[in-house]
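Top to bottom, those sequences are chains X and L.
The first sequence begins at 1 in our numbering and counts up one residue at a time.
The second sequence begins at 1 in our numbering and counts up one residue at a time.
Hints listed in this document are in silico derivations from the structure and should not be mistaken for laboratory results.
Incorrect hints may appear among the rest.
Here chain L is said to cover these stretches of chain X; the calculated rule only asks that three of the stretch's residues, wherever they fall, bring their Cβ under 8 Å from a Cβ of chain L [as the list claims (entries may be wrong)]:
#1 110-123
#2 255-268
Only part of the chain L face toward chain X is listed, based on derived beta-carbon distances under 7 Å [what the hints assert, rightly or not]:
#3 GLY97
#4 ASN145
#5 HIS174
#6 GLY177
Yeah, the Cβ is synthetic: ideal placement off N, Cα and C, and Gly gets one too.
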Amino acid sequence: MAAPWLARASSQLARRAARRLLSSPAAAPSQHRLCPPGPWLLSSVPPPAGDRRGFCSVRRFTGESSAAAVAVADEEAPENGLVAGGGDQQAIDFPGGKVSFVAEMNFLPESQRERINCYRVLDDDGRTISGSIFQEVSKELAIKMYSEMVTLQVMDTIFFEAQRQGRISFYLTSHGEEAINIASAAALTIDDIVLPQMKNVQGDFHAALNFAAVMEAPVIFFCRNNGWAISTPTNEQFRSDGAVIRGQAYGMRSIRVDGNDALAVYSAVHTAREMAIKEGRPILVEALTYRVSHHSTSDDSTKYRPVDEIEHWRTVRDPVSRYRKWVQGNGWWCDADESELRNNVRQELLKAIQVAERMPKPPLSELFTDVYDEVPSNLREQERLLRDTIKKHPADYPADVHI
Amino acid sequence: MLAAVARRRLGPGGVMGQQLMQALRSTAARSYSAAAKEMTVREALNSALDEEMSADPSVFLMGEEVGEYQGAYKISKGLLDKYGPDRVLDTPITEAGFTGIGVGAAYQGLRPVVEFMTFNFSMQAIDHIINSAAKSNYMSAGQINVPIVFRGPNGAAAGVGAQHSQCYAAWYAHVPGLKVLSPYSAEDARGLLKAAIRDPDPVVFLENELLYGESFPVSAEVLDSSFCLPIGKAKIEREGKDVTITAFSKMVGYALQAAEILSKEGISAEVINLRSIRPLDRAAINASVRKTNRLVTLEEGFPQHGVGAEICMSVVEDSFEYLDAPVERIAGADVPMPYAANLERMAVPQVEDIVRAAKRACYRAVPMAATA
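Same shape as in the complex, but just chain L (with noise of 0.2 Å):
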């Protein structure tokens, strides 16, 4: 019954998806304390944003439609009128161009914040993302520092065909000099982006633009103006004893959906939320590992070189003896993101998918045929 409502998310009609996405939440369990209100991952990213240019004035953003237009996804909102054309730069459309800039601009002392409208144009910049930032520091021995922030919308939307739906956490996670987060709460959004604009490297912040609009609750801890998440740390959302799911980002979610099933089975998932994919909470995961002794690695992007792949090998490497099973690696498929909305859902992750893979992890029979 979950399953088959989880498959009619990615429809037509976002509403009806987040509609579905309120309730099967309040019945997958979640450890948060106890919460005085509720924000949209959305309204996170804003006063996160808001609270850090109102604390340190080198902090300014740029980008393609910030400022008059308050945000391609509104994320900017307000921020035009409360700063001033300074501090918030609409851009002409050249992420080659502006993230030069930017990258220059931190070179001279700035903070900036470059968003992109999704990371899939940041291709048209990677050349400063990387050459011109991430190995400025090493290449210079430590004269220049680079604190800048890229982010954005990163991942499969909902149907924007091949160009617009690349995931590109294995990309950028790839490259020594940068550090690459990627928050699925609210309080994700909150803690991490702060963390992000007050670090003196690079930080690439790999948003979704399907979570922009769910709520989470926030306690009075996150809401305040202080509040920071720690740069490579992990949090467990779920605890449990049988498999370690790992995920990031939107997959967070789903994991926790498959999870209620999984318990219902009689299965004890620790669902893991990575928060940061460079650096890699290595400890928390193969401590997980050493607890569960089976390990489903979850992400929406291609699998050949992905963020699973690199889990996988850290546990290979540190946590060998103490796996039972054979690592278990969930990915979108290996294919340009079909436009169709039949094919689009069966290129990324389900639910089922993931309830199957822990279930194989556990040793328990699956029928091999996918359901229709």
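Bound-form chain X, shown alone (with noise of 0.2 Å):
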């Protein structure tokens, strides 16, 4: 009865536990592997599979320990528990796993000399950069992620305008982020789980990847970094090169996207979406792209940043019409497919309007359903002394609610 995914999660379980008995000492002493000897460069070799504990216990560390000094037992074997690494640097076991010791202050530096580098496919000119290397897409493929992106664009523009017409009480835009958005899900399953926040960096984004790491779940981190939290810019929100430098700092494999590159965010989530289930291991992407669109109909983001800079970013960086031109450059798309999709779009979402405002509102039961399973005695007194309340003043309430 229980679903597949929980199957194979506790097979995964299962895995970890027979590892973590088999890395003790009592299972294999002759076989314990050891690090090998520092130092340890910020270009970081990974520790060896067998130092990775989870949750640590004392006790086992101990018994490792000990099996090392054993192990060791041609080489020098100091008493006092440190282990010779090579050359003239010791090395001791603390918790955690190895680390050679080091005879000066070795600060890391706040950052690092160069930013993480941006993986991007395609060119401003929709060109696809000789040499890259990416995820081809089929004819078919590509015509539905641009024909996505397209109304993604088209829908956003319209229900912008209902909102300042007054039909509807809020809208988010995706404005110069819809290559995110459309190719990102383009490289996923139907039977994917998709978890979309709209979340900025908050703690139990750590925990998330602190746990998706301990814990070896095939879970792809997708973050969309566009330069804004409302009207705070990401240099008063962090100080690290962006999101994709933590996911090494919670031991998780990483990539940075250039998110307005269709082709680009395509195959990186694809490649990631591989790793995540044939490893068995989470991945961050973090998608550097640009928010054109106000925060939300709340917002006017011209009250804090340069209008010129919002044009620049809204016309000569738009992803749409750079994946159009690579589109178009295959032979895939012209002139007449753009006009007549985006015609038959707009007709499409005014009659999606149009019908959804004709739908009745919910009734007034539905005031008082599902804050449970079964609705609770007092839910059903508080809807009965409504309805009496209505039906004594029936000037006071508003008409649009079905009683």
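Fit the two chains together into the complex; they arrive one by one in their own frames, and the hints show the way.
As structure tokens, this is what we get:
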């Protein structure tokens, strides 16, 4: 009866538990792998798999180091618990793995000399960059992706207007970020679970990355870095090199991608998905982009950033037209297709709004249902009282609430 | 004599306190069915978890130290060995993280039991409890139900200071979409935890660290694996006719002690063990007040916006004309819990406070100056 993913997850947990048992000295002391001698450079040789301890217990740790001492019997095995590394370096196995000592203070710099570089496939004019590596897409998929990007663009324009006309209360547009929305989804399958959030980086982001790395969960963490949190620019939000740099801090493989390049986003997510599934690991994808739109219909971003900056990203750096140039360059799209698509989409959306507006609002009973699985007696009582009051004072209540 | 003995209860030495509790309880009248054996609250919780995990493979336990350590308070003793690491998960130290994961698991059809080492730490996760769990069924129009249980010790322990002693009953009972339970006896612990795990809605289950070691008689019915108590029903622990005392968790024991003292002075107190804070058994409370005409609400937590305030309002709304005296509210002092043992004793209700309040409700004169 359990869902298939549950069986997968539980077998992964079982494998992990088995691995922990196998790496304990009781199971196979002679197979204990020593960590390569130091020093470990900042560009990081990852620690050997046997050192990945998850939640280590002091008991197991002590056992392992004494096994290590036994295994190096033919080398110096000092009694003070130190393990000889290469050269003059000494290493000591604190909980968490062996580290080399160094005789001078090495503060890690607060930032790297160079920022983590950014994967892109298409140049600003929609031509594939020579030598670029990317996931091939069929004509059918390419056109589908492009059509969805256009649909999103048209939808955003129409619904923004609808809010200004008072027909809906609130809306958030994705202008400038269409490639991220569509291309990332295109790389997933209908059975993949997507949990979208509009959540600027908060505490449980860190918990989630940490947990996923420790639990070896097959998850893609897709972070859209569009430069703004309402009016707060990223350099007032954090001082690290974006989000991608944090992946490694949590022990997670990560990539930075040009979020305005639909092909690059598609390829990165496609590859990340394969890695996550085949290797049973989480992947962090940071997509860099620029939020062309205001934060929401309640925001006027010209108040906190230059209008020509917005214009530049809206026109020259538009992901939709950039991708269209590539699709057209393949001979898969033309101007006639373009106007037909935009017209059809617009008509469809306007019709959808009309249909939705004509639908009756929820009846009064919906106010009280689904708070719990079953409506409790106090809510039944409240509903009864409300209906009585409405009956006695109908003029005080809106006409559009269906009793 | 009993008052002085009760005061010493919060002094150092839990063993001393336990022995005193045993002695006092043997003199307090309780209505239990003919009991075959005794069981501690800890054993009750452990057996309830064990039986529900055995009956339903989608039930699993997660929290800090619940697995290899056997539980910070040994509530989950033996469960990792029996059910394995798939069903008993030791989590990293992030309540926000593991509560979010638990709620996500519940969205997908599992039945997590999330343990907080104390409910003070649940504040790290309260956004998930309220916004991700409590409101999801409503916001999804019934499509996403969240059959999750959040459990752990709540309220004051002994000498753990301000940040580890708060009672969260009023906080969680404030929220539509949550159910909030608080057991007193071993029978309560078994029956209510089983009900919570089986319930399709998110349940906050407020235990009490000082009650874990307390023994209570349990009948054969309680010991049966199908035993379950209804959510939303209070229990009349002691019948009376002169004044109603409502209480939950550890305070039920204090109320029973007070009732015993009062009975020797000719005042017959009815003690209601609420068991369920949300939904509150307003029917039982009001029926009792209509019988006794006097009400004393008792809780350990802060007074303002507390459980007693809600109970008082419920009685004013439904049974105002039955009240012969103003409602008396006994709660903890309106200060962060002091660390100094002598001050801590002064900051939580004591049996004498309950006795005095009951007498005031009965218009019996009591000296205003508190005894030292």
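Going through the hints against the structure:
1. With 0 residues carrying a beta carbon less than 8 Å from a beta carbon of chain L, the region 110-123 of chain X misses the three-residue requirement, and the given coverage is violated.
2. Requiring three or more residues with a Cβ within less than 8 Å of a Cβ of chain L, the coverage given for the region 255-268 of chain X is violated, as only 0 such residues are present.
3. Taken as an interface hint, GLY97 of chain L checks out: its beta carbon lies about 3 Å from the nearest beta carbon of chain X, inside 7 Å.
4. The beta carbon of ASN145 of chain L is positioned within 7 Å of a beta carbon in chain X (closest approach about 6 Å), and the interface hint is therefore held.
5. Checking HIS174 of chain L against chain X by beta carbon gives a least distance of about 13 Å; that is not within 7 Å, so the hint is violated.
6. Checking GLY177 of chain L against chain X: minimum C-beta separation of about 5 Å stays under 7 Å; hint holds.
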